[in-house]
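2 protein chains.
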Amino acid sequence: MSSSGSDGLSRRSLLGALAGLPALPGLLAASAPAAAQSAAPLSSWNDGPAKQGILDFVRATTGASSKDFVPPEERIATFDQDGTLWVEHPIYTQVVYCLDRVPVVVKEKPYLATVEPFKTVLTGDFEKIAKLSLHDLEAILAATLTGMDVDAFAAEVSAWIDSAKHPRWNRLYTDLTYQPMQEVLTFFRANGFKTFIVTGGGQDFVRTYSQRVYGIPREQVVGSAGGVKFGYDKAGKPFLTKEPKLLLNDNDAGKVEGIHLEIGRRPHAAFGNSTGDRQMLEYTKAGDGARLSMIVLHDDAKREYAYGPAQGLPDTKVGTFPQALYDEAKKDGWFVISMKDDWKRIFAFEEA
Amino acid sequence: MSSSGSDGLSRRSLLGALAGLPALPGLLAASAPAAAQSAAPLSSWNDGPAKQGILDFVRATTGASSKDFVPPEERIATFDQDGTLWVEHPIYTQVVYCLDRVPVVVKEKPYLATVEPFKTVLTGDFEKIAKLSLHDLEAILAATLTGMDVDAFAAEVSAWIDSAKHPRWNRLYTDLTYQPMQEVLTFFRANGFKTFIVTGGGQDFVRTYSQRVYGIPREQVVGSAGGVKFGYDKAGKPFLTKEPKLLLNDNDAGKVEGIHLEIGRRPHAAFGNSTGDRQMLEYTKAGDGARLSMIVLHDDAKREYAYGPAQGLPDTKVGTFPQALYDEAKKDGWFVISMKDDWKRIFAFEEA
Numbered sequence: 001m002s003s004s005g006s007d008g009l010s011r012r013s014l015l016g017a018l019a020g021l022p023a024l025p026g027l028l029a030a031s032a033p034a035a036a037q038s039a040a041p042l043s044s045w046n047d048g049p050a051k052q053g054i055l056d057f058v059r060a061t062t063g064a065s066s067k068d069f070v071p072p073e074e075r076i077a078t079f080d081q082d083g084t085l086w087v088e089h090p091i092y093t094q095v096v097y098c099l100d101r102v103p104v105v106v107k108e109k110p111y112l113a114t115v116e117p118f119k120t121v122l123t124g125d126f127e128k129i130a131k132l133s134l135h136d137l138e139a140i141l142a143a144t145l146t147g148m149d150v151d152a153f154a155a156e157v158s159a160w161i162d163s164a165k166h167p168r169w170n171r172l173y174t175d176l177t178y179q180p181m182q183e184v185l186t187f188f189r190a191n192g193f194k195t196f197i198v199t200g201g202g203q204d205f206v207r208t209y210s211q212r213v214y215g216i217p218r219e220q221v222v223g224s225a226g227g228v229k230f231g232y233d234k235a236g237k238p239f240l241t242k243e244p245k246l247l248l249n250d251n252d253a254g255k256v257e258g259i260h261l262e263i264g265r266r267p268h269a270a271f272g273n274s275t276g277d278r279q280m281l282e283y284t285k286a287g288d289g290a291r292l293s294m295i296v297l298h299d300d301a302k303r304e305y306a307y308g309p310a311q312g313l314p315d316t317k318v319g320t321f322p323q324a325l326y327d328e329a330k331k332d333g334w335f336v337i338s339m340k341d342d343w344k345r346i347f348a349f350e351e352a
Numbered sequence: 001m002s003s004s005g006s007d008g009l010s011r012r013s014l015l016g017a018l019a020g021l022p023a024l025p026g027l028l029a030a031s032a033p034a035a036a037q038s039a040a041p042l043s044s045w046n047d048g049p050a051k052q053g054i055l056d057f058v059r060a061t062t063g064a065s066s067k068d069f070v071p072p073e074e075r076i077a078t079f080d081q082d083g084t085l086w087v088e089h090p091i092y093t094q095v096v097y098c099l100d101r102v103p104v105v106v107k108e109k110p111y112l113a114t115v116e117p118f119k120t121v122l123t124g125d126f127e128k129i130a131k132l133s134l135h136d137l138e139a140i141l142a143a144t145l146t147g148m149d150v151d152a153f154a155a156e157v158s159a160w161i162d163s164a165k166h167p168r169w170n171r172l173y174t175d176l177t178y179q180p181m182q183e184v185l186t187f188f189r190a191n192g193f194k195t196f197i198v199t200g201g202g203q204d205f206v207r208t209y210s211q212r213v214y215g216i217p218r219e220q221v222v223g224s225a226g227g228v229k230f231g232y233d234k235a236g237k238p239f240l241t242k243e244p245k246l247l248l249n250d251n252d253a254g255k256v257e258g259i260h261l262e263i264g265r266r267p268h269a270a271f272g273n274s275t276g277d278r279q280m281l282e283y284t285k286a287g288d289g290a291r292l293s294m295i296v297l298h299d300d301a302k303r304e305y306a307y308g309p310a311q312g313l314p315d316t317k318v319g320t321f322p323q324a325l326y327d328e329a330k331k332d333g334w335f336v337i338s339m340k341d342d343w344k345r346i347f348a349f350e351e352a
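Chains A and B are the protein sequences, given in the same order.
Counting from 1, one number per residue, gives the positions in the first sequence under our numbering.
Counting from 1, one number per residue, gives the positions in the second sequence under our numbering.
By construction, these hints were calculated from the structure, which means they are not laboratory data.
On a predicted model such as this, the values are computed, not experimentally measured, just so you know.
Built from N, CA and C at the ideal position, the CB exists for glycine as well.
One should not assume that every hint holds.
Unchecked claim - Just the calculated beta-carbon pair ranges, DEER-fashion: (1) B:SER158 to A:ALA301: 48 to 58 Å; (2) A:ALA235 to B:LEU55: 23 to 33 Å; (3) A:LEU55 to B:LYS67: 25 to 35 Å; (4) A:ARG189 to B:ASP288: 47 to 57 Å; (5) A:TRP169 to B:ALA64: 30 to 40 Å; (6) B:LEU134 to A:ALA235: 35 to 45 Å; (7) A:ASP162 to B:ASP68: 18 to 28 Å; (8) A:SER43 to B:PRO49: 38 to 48 Å.
Said to hold, decoys possible - Taking lysine-lysine and the DSBU-like style, the derived pairs with C-alpha atoms no more than 30 Å apart in a straight line are: (9) B:LYS67 to A:LYS237; (10) B:LYS330 to B:LYS285; (11) A:LYS131 to A:LYS119; (12) A:LYS234 to B:LYS67; (13) B:LYS340 to A:LYS285; (14) B:LYS107 to B:LYS234; (15) B:LYS285 to A:LYS237; (16) B:LYS234 to A:LYS331; (17) A:LYS285 to B:LYS245; (18) A:LYS285 to B:LYS109; (19) B:LYS107 to B:LYS119; (20) A:LYS229 to B:LYS317; (21) B:LYS237 to A:LYS317; (22) B:LYS67 to B:LYS109; (23) B:LYS330 to A:LYS237; (24) A:LYS237 to B:LYS331; (25) A:LYS67 to B:LYS234; (26) B:LYS331 to B:LYS67; (27) B:LYS229 to A:LYS317; (28) A:LYS317 to A:LYS119; (29) B:LYS285 to B:LYS340; (30) A:LYS331 to B:LYS107; (31) A:LYS317 to A:LYS330; (32) B:LYS285 to B:LYS317; (33) B:LYS234 to A:LYS285; (34) B:LYS234 to A:LYS330; (35) A:LYS229 to B:LYS234; (36) B:LYS245 to B:LYS109.
Okay, chain A solo, but in the shape it has when bound (with noise of 0.2 Å):
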């Protein structure tokens, strides 16, 4: 795990996956019903080998009678969240969270308004805003993500992750999940794992809506973290502030670092989507018995986007997915799922 240094909490936590921002959308406030789950396991899944490499592993790894049989309190489950779980594109939800709240940020504190990169945040012109360099976000970040109560915090992500809507669909970004990575956390919870998610976003944003939106509890979310202070408030009362300072980069091998520091046991099946999940993937399938790697292809552009070098397309720099970790991914028998072939449908809200 990377030892902190003195500047900023978030900055390198969700920098390390966020070089070259693309230009960002607009936010409309609005609520939208919830995503309904189908009772059927993997019922948005089409036939083919990563279905199926699903079915066997779970079968392979409750069986009583398999030799690869794993005990109930040993089934560990680890999923990534932007481009996994959820729409990553154009640019990660916590990033837009944290560009929407400069402007509450500069209104506690008017003397950053003539400052950069405020200045230009507060502009509104998003071809200036995605040009700012990693410095500069890393300020903004560090300034959006820490300093206050982390109760304060929680709530204020709340109330934005309940209103803000991704540009493109229209709808809440918490009803952007795909619908068969829902399934798959059903199918495993059913069959007596416990689901973990494991992203390099910030683990106190996530853990605001990781129980409503995918079933799984605040204590099973690791993610970048940065430290805390604790203090007593004038009345004698104890309370947490979120510190500019970096605990934990949970990207790369800090995924594999921060899974052993919060579960403590290597995960029987991951799943990812890009260069950030790779140490992850393949500390999974480096286990004894039965082990399930699986890494998310994003080859639909009609429902949903296309990227990634591995299919001939640039490099947008949010789920980095080259033709290297395609080839390992053959190479060391990780399941890719293709977007377009393997799912029935993506959303929810799709019809089946």
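The hints should help you fit chain B onto chain A, whose structure is shown.
Just chain B now, with coordinates in the frame of chain A:
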């Protein structure tokens, strides 16, 4: 959470509470039957305010029509280990492990045999060992708890804990859990609570036996934690190495910070026995609705130990319980558990 320095891992992790080591017990190897668990809830508790406090709290938080009802997914109870769930005197079990490991480490690195503090530990002269400085102990902890593969470490601890015995009872350390507290764990879980250990000890250490001894899975153990480093062996297989770098000193305010990091939610109930648990008990009690903070007072020299200034006894530095903590407990509405008065029996192997 305190930032990591360049110096020793579990050094500081353990040593927050370790000042003033008492004499070391000898260690014998043998086996003993696992502790039996009574079927009736809290049957090893005498009637009184402490037992009633537990029953009232669980009724208040789980009764469907209670104003303080807590949804099952939010039910979190945290338990300190040393002195709260099992015997901590005369010396923390994990420190005994580290001292026992010194000969093995010296075998791997023979030059250490002539270097202090290893030279002194190898003499086996407990009076001299007990006089080692904090700095010496840090060196021992760093040498015995870091630098190895996480799986190799877990295997070593497992082998040790299956044979090492406490000198007073000549029983496995794992037989020296408090039967009344085992019943609290069982009672809470039967009422939908997730039980977590939150220990100043190393979480990699405690996780090796938590499931078997307490019914608590690895991922529900929060403790002092060093960094781990991801790498590949010569065959290209990924592995994790324990690093001499402290990520989380899970003592004092660090317990609350560790709870935020690995659980992400304020507990509804917390149990401790010393100043190292103070902030956890405060933070728990400061939450909305029904909250339970309980602190074990070691006042039973006959059946276990009596120690601490709150009883006018010397501060042994292992499980410090000063008068101020006792006063705070009374003032803030925590329950003080008297081992002598509240517990019908201490260990499962005693007659009830």
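Tell me if the beta carbons of LEU134 of chain B and ALA235 of chain A are separated by a distance inside 35 to 45 Å. 36 Å, holds
Would the pair LYS340 of chain B and LYS285 of chain A pass a check requiring their Cα atoms to be no farther apart than 30 Å? Outside the cut-off at roughly 52 Å; violated.
Lying within 47 to 57 Å: is that true of the beta-carbon distance ARG189 of chain A to ASP288 of chain B? Violated, at about 29 Å.
That 48 to 58 Å hint for SER158 of chain B and ALA301 of chain A (C-beta), does it hold up? 51 Å, holds
Would you check the hint for LYS234 of chain B and LYS331 of chain A, treating anything up to 30 Å between C-alpha atoms as holding? 18 Å, holds
Pair hint LYS285 of chain B and LYS317 of chain B, alpha-carbon separation not exceeding 30 Å: Given that 30 Å is the threshold and the Cα spacing comes to 25 Å, the pair holds.
Is 25 to 35 Å a correct range for the gap between the Cβ atoms of LEU55 of chain A and LYS67 of chain B? 46 Å Cβ-Cβ, so the 25 to 35 Å window is violated.
Straight-line Cα separation of LYS330 of chain B and LYS237 of chain A no greater than 30 Å? Holds: LYS330 of chain B and LYS237 of chain A sit about 16 Å apart, inside 30 Å.
Taking only the CA atoms, is the gap from LYS237 of chain A to LYS331 of chain B under or equal to 30 Å? 14 Å, holds
Can you confirm whether the C-alpha distance between LYS237 of chain B and LYS317 of chain A stays at or below 30 Å? 27 Å, holds
Between LYS107 of chain B and LYS234 of chain B, does the CA-CA distance stay at or below 30 Å? 24 Å, holds
What's the verdict on LYS234 of chain B and LYS330 of chain A, does the C-alpha distance respect the 30 Å limit or exceed it? 21 Å, holds
Consistency note: the structure conflicts with the earlier hints numbered 3, 4, 8, 13, 18, 22, 30 and 35.
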